[in-house]
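Asks: The lines below spell out each chain.
4 protein chains.
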Amino acid sequence: MHKGRLEAFSDGVIAIIITIMVLELKIPHEESIESLLKLIPVFASYVLSFIYLGIYWNNHHHMLQSAQKVNGTILWANMHLLFWLSLFPFVTGWAGETHFSFYPVLAYGIVLFMAAVSYYILSRTILSHHGPKSDFAKAIGKDYKGIISVVIYLAGILLTFVHPKIGVALYSVVALIWLIPDKRFERG
Amino acid sequence: MHKGRLEAFSDGVIAIIITIMVLELKIPHEESIESLLKLIPVFASYVLSFIYLGIYWNNHHHMLQSAQKVNGTILWANMHLLFWLSLFPFVTGWAGETHFSFYPVLAYGIVLFMAAVSYYILSRTILSHHGPKSDFAKAIGKDYKGIISVVIYLAGILLTFVHPKIGVALYSVVALIWLIPDKRFERG
Amino acid sequence: MHKGRLEAFSDGVIAIIITIMVLELKIPHEESIESLLKLIPVFASYVLSFIYLGIYWNNHHHMLQSAQKVNGTILWANMHLLFWLSLFPFVTGWAGETHFSFYPVLAYGIVLFMAAVSYYILSRTILSHHGPKSDFAKAIGKDYKGIISVVIYLAGILLTFVHPKIGVALYSVVALIWLIPDKRFERG
Amino acid sequence: MHKGRLEAFSDGVIAIIITIMVLELKIPHEESIESLLKLIPVFASYVLSFIYLGIYWNNHHHMLQSAQKVNGTILWANMHLLFWLSLFPFVTGWAGETHFSFYPVLAYGIVLFMAAVSYYILSRTILSHHGPKSDFAKAIGKDYKGIISVVIYLAGILLTFVHPKIGVALYSVVALIWLIPDKRFERG
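Chains as they are written, first to last, in our numbering: chain A, 23 to 210; chain B, 23 to 210; chain C, 23 to 210; chain D, 23 to 210.
These are computed hints drawn from the structure, not numbers from a lab.
Each hint should be verified, as a subset may be incorrect.
Since the list gives no way to pick out one identical chain from another, each pair is judged satisfied if it fits inside one copy or across any two copies.
[Claimed, not checked] Pairs of lysine-lysine, BS3-like flavour, derived with a Cα cap of 30 Å:
| no. | residue 1 | residue 2 |
| --- | --- | --- |
| 1 | Lys-48 | Lys-164 |
| 2 | Lys-91 | Lys-48 |
| 3 | Lys-187 | Lys-25 |
| 4 | Lys-60 | Lys-160 |
| 5 | Lys-155 | Lys-48 |
| 6 | Lys-60 | Lys-91 |
| 7 | Lys-155 | Lys-167 |
| 8 | Lys-187 | Lys-167 |
| 9 | Lys-25 | Lys-48 |
| 10 | Lys-60 | Lys-48 |
| 11 | Lys-160 | Lys-25 |
| 12 | Lys-160 | Lys-48 |
| 13 | Lys-25 | Lys-155 |
| 14 | Lys-167 | Lys-48 |
| 15 | Lys-91 | Lys-155 |
| 16 | Lys-187 | Lys-155 |
| 17 | Lys-164 | Lys-60 |
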């Protein structure tokens with residue numbers, strides 16, 4: 023089985039998710055600057071989710087490039103990741119429209135957490151298909167960043183109960199961690 | 023004629039269908055947990071349709087991989103399948119929003135049934151282009167699962183007249199059957 | 023310059039157009055059969071436009087396959103075609119929602135006509151890039167069907183002034199002509 | 023790292039942006055010609071943005087074709103460009119719906135300006151990865167057009183304070199400059 027179509031399908035889905043998110047930026051019916059300023063929270067959540075999806079696409083790109091082969095289990099682990107990513111427009115829009123209030127931020131965190139978990143599952147599924155001594159295993163390494171992300175998301179979810187803004191701040195920390203280029207996969 | 027562009031086009035359409043379905047998950051205007059809980063039926067139908075489309079993409083991927091060549095008839099048989107798949111967001115949203123009431127569940131079943139039939143037609147069209155002794159014929163085998171799916175969908179449609187929930191239960195059985203990896207195409 | 027990315031981009035745009043058209047099939051808020059029956063005209067226009075876009079994708083696929091090279095002019099002639107195709111969801115939805123009344127059917131016809139003209143321009147642009155003695159010139163032949171289509175669309179637009187249903191009937195004739203497989207490109 | 027998936031992802035995003043823009047052309051509920059004529063400003067802004075996105079796709083296509091290799095920084099410079107392009111449907115719809123009034127035209131100009139800047143950054147990022155003596159450096163040349171575009175956008179933004187129509191006129195001048203085929207990349 024070739025990985026090409028898996029990459030193409032994932033690219034397609036991520037490209038669509040990243041683009042339809044902008045549809046939640048509803049066009050104001052007025053021409054005033056106030057009507058635009060009201061959109062700032064929705065815009066902020068859009069920027070954050072755009073960065074997340076960019077990170078996922080980027081990492082996915084690198085990971086699949088290191089993979090030599092795929093099987094049915096990998097296809098489904100990938101579909102599972104895409105499922106959680108597909109919920110980004112919903113939670114992004116909800117969190118933005120409600121100005122980052124409690125339940126929407128909680129829902130946002132859970133979706134981010136599940137996406138990170140499903141990405142981790144995908145990487146382990148590919149790893150077990152290639153074996154612990156494969157080039158893929160060397161390329162992926164210990165994946166400290168993946169594990170740290172899951173932990174910070176979890177902390178963000180819990181601290182949302184203290185204040186939603188702490189949650190959003192912690193989610194943003196994960197984005198920053200990943201924006202730093204991942205050297206693990208660029209060695210070759 | 024090469025199959026590459028057929029695969030790419032199908033991937034594109036399925037990727038878009040699977041993603042725009044999430045647009046039916048309308049963002050609540052309130053920030054309460056109740057407004058989220060109200061979306062559970064729509065969310066449930068989204069999950070179910072996401073799995074179906076994942077199965078179709080997965081099977082389509084395998085089937086086309088076994089095919090060596092395509093012709094004009096295959097292109098149209100494929101377009102016919104994509105047509106029925108394109109109606110998934112509509113019936114999914116309708117069934118979810120009406121909490122799985124009679125007519126929406128019936129419509130959902132008919133679309134699922136027609137998609138399964140059109141998939142079967144597509145496989146037979148490719149088969150007749152390759153011949154009964156081809157590698158494709160060996161790979162596709164008797165397609166018991168495809169035939170069983172059509173029968174269960176039909177039963178689901180009929181039993182929807184007894185109670186829509188029986189219909190939904192039977193439709194879900196088909197999803198479960200297909201989630202079990204299809205060994206027919208993974209042998210090679 | 024390679025034609026691969028031109029094909030991929032066109033596939034992407036056509037795949038999206040064909041799929042977002044279904045968003046005009048607004049999900050009824052009721053669960054009655056009447057609410058579904060009301061959608062019949064919108065559904066009819068959806069089916070018709072789906073077939074048109076299938077034909078365009080199919081023909082585009084064949085034509086580009088026969089082409090050996092592309093240039094900047096061809097890229098823009100292709101973009102011009104995609105522009106008119108992108109208006110299909112709008113005119114399809116309008117014609118369907120107004121039950122095929124005068125102005126919407128006229129607008130539908132004009133968009134169909136312009137799409138056919140822009141397709142013809144695209145084929146001539148590719149032809150002039152390959153020369154009259156090229157394999158492409160042989161493959162594309164006289165393009166009688168393309169010319170006949172433009173004429174029938176024009177007749178349909180004019181006869182819409184008599185009655186919109188005559189217009190729709192003539193537009194459908196063009197779809198039927200093209201559904202008959204195009205032997206010109208399948209010879210090789 | 024291969025550039026193929028970067029191209030495919032960018033194609034996908036641009037294809038989706040160019041297509042969902044048409045969703046801002048809201049289907050009128052009436053069948054009158056007046057209801058269609060009311061859409062002329064939205065349609066005009068759609069045409070303009072369609073041309074811009076066509077230009078970006080075209081130039082992106084040429085630039086990436088000249089590139090031999092990509093790295094993580096290039097991926098993010100590309101994502102940055104896609105971010106600004108993704109805001110085209112929003113500003114296009116807002117400018118059109120408000121009949122090109124002050125703030126919407128200003129917002130449109132800022133997004134156009136930022137897209138041009140991010141395209142310039144992308145080209146410089148690829149350039150620095152290839153080196154000043156590379157084939158890429160020769161192909162891209164001095165990029166006078168890119169610099170002139172940024173300057174005209176800036177002038178357009180400033181003159182919008184005099185009258186929004188002057189802004190729109192200047193934005194359109196940039197489109198015209200780019201519609202003239204770019205010989206720099208077509209030499210080879």
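Asks: Hints broken by the structure, by number, lowest first?
Replies: 1, 2, 3, 4, 5, 6, 9, 12, 14, 16 and 17
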